[in-house]
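Listed here are the chains, written in short residue letters.
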Amino acid sequence: MIAQYGMSMSEARARASALYALDLDAPLIQQYFSYMSRMIRGDMGQSIRSPGVRVSWIILARLPWTLFTVGTGLILSCLIGVFLGTISAFRRDKWYEPIITGTSSIISAIPDFLIGIFLIIIFGIITWFGRSEPLIPIHSMRGTSTPGMSWDDGIFYLWDILVHGFLPITTYALAQIGMWVLLMKGSTTSTLNKDYVRLAEARGLKNSKIMSRYVSRNALLPIATEFAMRMGFILGGSLIIEQLFVYEGLGLELLNAVHNRDYPVMQGIFLVITSCIVFANLFAELLYGILDPRTRIRRSGSNDQN
Amino acid sequence: MKRLISIVIIFTLLLGFFAIQQSHNAQAAEDIFAGGWPYSVPPSGHFNMFVPDAIVMNFFRDIHQLPMGFLIWADNEYEGYLAESWEVDEDNNQILVNLRENVYWHNGDVFNADDVVTTFTLLRLMGASVWDYLGDIEVVSDTELIFHMDRESSLAKRLVLRENIVDRYTYGEYAQKVQQLIDDGYDRDSEEWSGLQADFSEFRPDYVNATGPYYLDPDNVASSRVTLEFNENSYWADQVHFDQIYVYNGGVADLTPLVLNQQADYLTHEFPAGTLQSFEAMGIEFVQTPAVDGLAVYFNHNLDPLDNLYVRKALAYAIDREEVGALALPGVSQGVDWVTGLGEPTMEAWNIDTSELNRYENDWYRAVELLEEAGLFQEDGTWFLEEGEPFELEIQTPAAWADAAVAAENIAEQLTDFGIKTVFNGIEEAQRVPNIQSGNFELALSFWGTGQPHPMYAFEGPIINDNVDSNPGLGFDVEVTTDRGNFNMHELIRASAEGWDTSDQEEIVNDLVYAFNQKLPILPVFALAGRNLTSAGLNTEWPDFDDPIYLNSPGDDNFVIISILRGDIKPLQ
Numbered sequence: 001m002i003a004q005y006g007m008s009m010s011e012a013r014a015r016a017s018a019l020y021a022l023d024l025d026a027p028l029i030q031q032y033f034s035y036m037s038r039m040i041r042g043d044m045g046q047s048i049r050s051p052g053v054r055v056s057w058i059i060l061a062r063l064p065w066t067l068f069t070v071g072t073g074l075i076l077s078c079l080i081g082v083f084l085g086t087i088s089a090f091r092r093d094k095w096y097e098p099i100i101t102g103t104s105s106i107i108s109a110i111p112d113f114l115i116g117i118f119l120i121i122i123f124g125i126i127t128w129f130g131r132s133e134p135l136i137p138i139h140s141m142r143g144t145s146t147p148g149m150s151w152d153d154g155i156f157y158l159w160d161i162l163v164h165g166f167l168p169i170t171t172y173a174l175a176q177i178g179m180w181v182l183l184m185k186g187s188t189t190s191t192l193n194k195d196y197v198r199l200a201e202a203r204g205l206k207n208s209k210i211m212s213r214y215v216s217r218n219a220l221l222p223i224a225t226e227f228a229m230r231m232g233f234i235l236g237g238s239l240i241i242e243q244l245f246v247y248e249g250l251g252l253e254l255l256n257a258v259h260n261r262d263y264p265v266m267q268g269i270f271l272v273i274t275s276c277i278v279f280a281n282l283f284a285e286l287l288y289g290i291l292d293p294r295t296r297i298r299r300s301g302s303n304d305q306n
Numbered sequence: 001m002k003r004l005i006s007i008v009i010i011f012t013l014l015l016g017f018f019a020i021q022q023s024h025n026a027q028a029a030e031d032i033f034a035g036g037w038p039y040s041v042p043p044s045g046h047f048n049m050f051v052p053d054a055i056v057m058n059f060f061r062d063i064h065q066l067p068m069g070f071l072i073w074a075d076n077e078y079e080g081y082l083a084e085s086w087e088v089d090e091d092n093n094q095i096l097v098n099l100r101e102n103v104y105w106h107n108g109d110v111f112n113a114d115d116v117v118t119t120f121t122l123l124r125l126m127g128a129s130v131w132d133y134l135g136d137i138e139v140v141s142d143t144e145l146i147f148h149m150d151r152e153s154s155l156a157k158r159l160v161l162r163e164n165i166v167d168r169y170t171y172g173e174y175a176q177k178v179q180q181l182i183d184d185g186y187d188r189d190s191e192e193w194s195g196l197q198a199d200f201s202e203f204r205p206d207y208v209n210a211t212g213p214y215y216l217d218p219d220n221v222a223s224s225r226v227t228l229e230f231n232e233n234s235y236w237a238d239q240v241h242f243d244q245i246y247v248y249n250g251g252v253a254d255l256t257p258l259v260l261n262q263q264a265d266y267l268t269h270e271f272p273a274g275t276l277q278s279f280e281a282m283g284i285e286f287v288q289t290p291a292v293d294g295l296a297v298y299f300n301h302n303l304d305p306l307d308n309l310y311v312r313k314a315l316a317y318a319i320d321r322e323e324v325g326a327l328a329l330p331g332v333s334q335g336v337d338w339v340t341g342l343g344e345p346t347m348e349a350w351n352i353d354t355s356e357l358n359r360y361e362n363d364w365y366r367a368v369e370l371l372e373e374a375g376l377f378q379e380d381g382t383w384f385l386e387e388g389e390p391f392e393l394e395i396q397t398p399a400a401w402a403d404a405a406v407a408a409e410n411i412a413e414q415l416t417d418f419g420i421k422t423v424f425n426g427i428e429e430a431q432r433v434p435n436i437q438s439g440n441f442e443l444a445l446s447f448w449g450t451g452q453p454h455p456m457y458a459f460e461g462p463i464i465n466d467n468v469d470s471n472p473g474l475g476f477d478v479e480v481t482t483d484r485g486n487f488n489m490h491e492l493i494r495a496s497a498e499g500w501d502t503s504d505q506e507e508i509v510n511d512l513v514y515a516f517n518q519k520l521p522i523l524p525v526f527a528l529a530g531r532n533l534t535s536a537g538l539n540t541e542w543p544d545f546d547d548p549i550y551l552n553s554p555g556d557d558n559f560v561i562i563s564i565l566r567g568d569i570k571p572l573q
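Protein chains in written order, with the numbering used here: chain C, 1 to 306; chain A, 1 to 573.
Just so you know, these hints were derived from the structure itself, not from any lab. You may find that some hints are simply not true.
So the derived list for chain A, only partly shown, Cβ under 8 Å to chain C, looks like this [said to hold, decoys possible]:
no. : residue
1   : R225
2   : N249
3   : Q263
4   : N440
The following residues of chain C were derived to be distant from chain A, with all beta-carbon distances above 10 Å [said to hold, decoys possible]:
no. : residue
5   : I29
6   : R38
7   : I75
8   : K94
9   : G102
10  : I121
11  : M179
12  : L199
13  : E201
14  : I210
15  : A224
16  : T225
17  : E226
18  : E248
19  : L287
Computed from a predicted model, the values in this text were never measured in an experiment. Where is the CB? At the ideal position from N, CA and C, for every residue including glycine.
Isolated chain C, as found in the complex (with noise of 0.2 Å):
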C-alpha cells in the first residue's frame, strides 16, 4: 500500500487493520487467532482495491459463475467419455476404436487454453460455406451475460446464460472428455479378464447384463473416485480460460487480484480452492469406501484381528 497508493507508513497500518479488523499493536499470536475466527465465521476482510467491499461479497458473487461452467464442463465430459471410454473397451475390433481412443489421446495433450484458442478461431473467426459471417457471433457471446438482462427475464435470461457459457463449458469439456476416455477404458478392459466376468459369460448371461451388473458398476470406482477429486480442482483451473472468454468467474477475479496486488482477495480466493480440494479429497476418500464395500470389510477383518 505504500508503495502501490503512496500511503505513509502509519496510513498504511491503519489501513491494514481496517481491512483485516486487526489490532496490529496486539501480540503475533493474538492478531492471528483473531484473524482465523474471522475467517472461520466466512469474513475474510475487505478488497483493497475497492474500498468498503467484502472478500466475501467478491466471492459469492464470482463463485457460482465458475462453478456453473467448470462443473458443467465436467459432468458432460465425464459422462461422454464414460460412454465412449466403455464402447471402445467394449468393441475394441470395430473400425471406430482407434478413432476414439486416438482423439482422445490427442485432445487430452492439448492445454485447455488452446482448445479455447482453436474454438473462437474455428467458430467465432474464420466463416465458413461462403458465409459473410462466422458461426458465432463471438462478440455477442463474452461473459456470464448479455449486458442489460436479469432474473427478470426470467427464461430468456437462462438461455442467455446458457448461450454465453457455451464456449467455456465446450472448453473445459473437451481438455477433460480424452482423459475420461482413456480412463474408462483402461478400467474396463482389465475389469474384462476378471475372473467373474469370465464366469458369467461362460454362464451364458447376456452381454447387456454382463455390461451393466458386471464391468461397468466395478469399472466405475476409479472414475468415481477421480471425479470426486478432480471437483476440488473446479474452482483452481478455471484462470486463463475465465480471461479468455472474459467470463467473470473467481478465476478472473483471482487474476485481476494478483494484477492489483489485492491481497485480501487472493487470500480468500486461495482458501477457497485451498479448502475445495481439501473437502474433494476427503470426500473422494468416503466415496470410495461406500462405492467399493471390499474396502470396508477389509478394514473391519483387520480390526476383528487386532
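We have chain C already, so just place chain A on it with the hints.
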C-alpha cells in the same frame, strides 16, 4: 427413447443457434460505436468515480460525464463543453468560468454551478492535485463561477476545465459533509477528514448521472462489455450519430478476436507486430498518435558503479537505441533521438534548444573511454570494476509487456556484446513500480515522457515520485552542477509550472532538459508512436487522418471522443 433424446438435443442446438443469430442481428440493426478498455464488474468494480477501481473506462468517461472543456492540441486552445467561456484573470489570480445554459442531466435536473462545486469539493476531500493550486470557489450565479487560486500556475486552467463534472443529485450529500468539515475548521490532516474520506470511499452509487449524449446504466454493465445508452436529455444529443457506445472489457489478447470479427471501431491497445499485419491485411486502418512517451532505462544510482556519471554516459553510448526501437514493437516504437525526457512534439511545443544537448549516438569507442575514466578496466573483452570484480548487470521489466521484454533482451544482448554481462529478468507487472521505488533493481525499463501538454509531468514521475519521494528509489541526487550553473532539479520541476505565463516557464524547462541530458537520471531508449486501431472506411466514417484533431493525446483529450461529440465520426452509410 434414444430417438426422442436425439430430437430434443438437435432441436435445442438449433434453437440456441437461432437465438444467437437473432441477438446478433438485433444488435446489427442499430448504429453502434465499439471501443474497449479493461474494467472490473461489481462488486469489485463500482460507480463512485472518485475511488479506485471505479468503472471509469479511461477516456470513455468523457462521453457521458463531460468536462467543462477539452484541449485542442493543434492550436493549444480549449473547446468548451459544460463551460461556454472562461477567462484567466492573472492580476487577481483567478479563473472566471461561465457555464453553458440549457444543459440537463440524464435525470432531468438542470446543470448548474452547484454541480461544479460538488465535483471540486469532493476532489478536495480526496486530495486531488487541483487543490494544490486552488484556494476557493465562488459561486456568482447558477452559471457563473470564480476559481480563486492560491498559487499562480499555467496548469490551473487545465486542472479546472478538464475535470469531469458529477452531479449534486448523487454526490451532493457528501459534498455538504465536506463543506461542513471545512466550515468547522478541519483540514486534510485531521482525523475527521480521514474519517469522511474512508466513509466516502465506501459510498457506492447505484446511478450514474450524465450530461453527455450517452449515459452509463449500471444494469448495462456486464463482464463482456458496458453499453452506454443514448441520453436524449443531453445538450449534445442532436450532434451525435450513434445510438449506443459499446466498451468491450479486456486487454490486447481479449479484444483480438473482436477486431478479427470487425466488431471494434476504436482501440488504443498496442497489438504485436504480427497481429497488426493481419489487421492491415483485413483493410483495418490505424491512426498514428504523437510519440510523446516511451520506455527508458532506469539506473539504480544507489549502486556502485551506476552512481558514477561516466558509467551512465558510457551505457548511453553503448546502447544502440535505434536498434532497440526497431525491434521492440516494429512500426510503433522508434529509438529516441534526443535524451531529454520529453517527446519530440513536446520539445517542439516548448521551444527546447537542442544546440547544446548531447545526442549520445551509439559509439563504443566513446563508451570505452568513459568507462576507463571511471576507473573500470577491460580484460579479454569483459569489463571489470576497479576492485577487480566483473561488471555485470541485470535489467528488469514486466515479462508480460511484449515491447518492453523484447527491448530489455536486446539491451542485455548489446551490453553483453560490449563486455558487460547483462541478464534480463522478466518480472510480474505489479512489481514494476514497487521494485523501482524500493531500489530493488539494477537497471529497469519503465516509462518516460508524458501525454499531458505540460512537460512538468514528464519529469515528475521519475525524478520526484520514483526518486525524491521514494526510499531509496532511484537514488539520484537532484542537486546537480552543469555548465549552465547549479540546479536543484526537484525545485526546477516545481518551478516549471509556476506562473501564468508559459514563455517564462520555457527557460526553466530548457534548464531542466539540459540538466537531464547532462546527468542522465534515466536513459530514454525508445518512443512509442502509438497506432490506434479504427474502423474507418469499414463500419464508420472518420475525419481525414491528416486532420489536426489527431494531434491530441489519445489518453488525455481523446480525439475520438471529441470527434463523436462534434458529430465528425459517424456510421458508414
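Hints, one by one, checked against the model:
no.	hint	in the structure
1	R225	holds, 6 Å
2	N249	holds, 5 Å
3	Q263	holds, 4 Å
4	N440	violated, 10 Å
5	I29	holds, 28 Å
6	R38	holds, 19 Å
7	I75	holds, 16 Å
8	K94	holds, 19 Å
9	G102	holds, 25 Å
10	I121	violated, 8 Å
11	M179	holds, 24 Å
12	L199	holds, 31 Å
13	E201	holds, 26 Å
14	I210	holds, 21 Å
15	A224	holds, 24 Å
16	T225	holds, 29 Å
17	E226	holds, 26 Å
18	E248	violated, 3 Å
19	L287	holds, 28 Å
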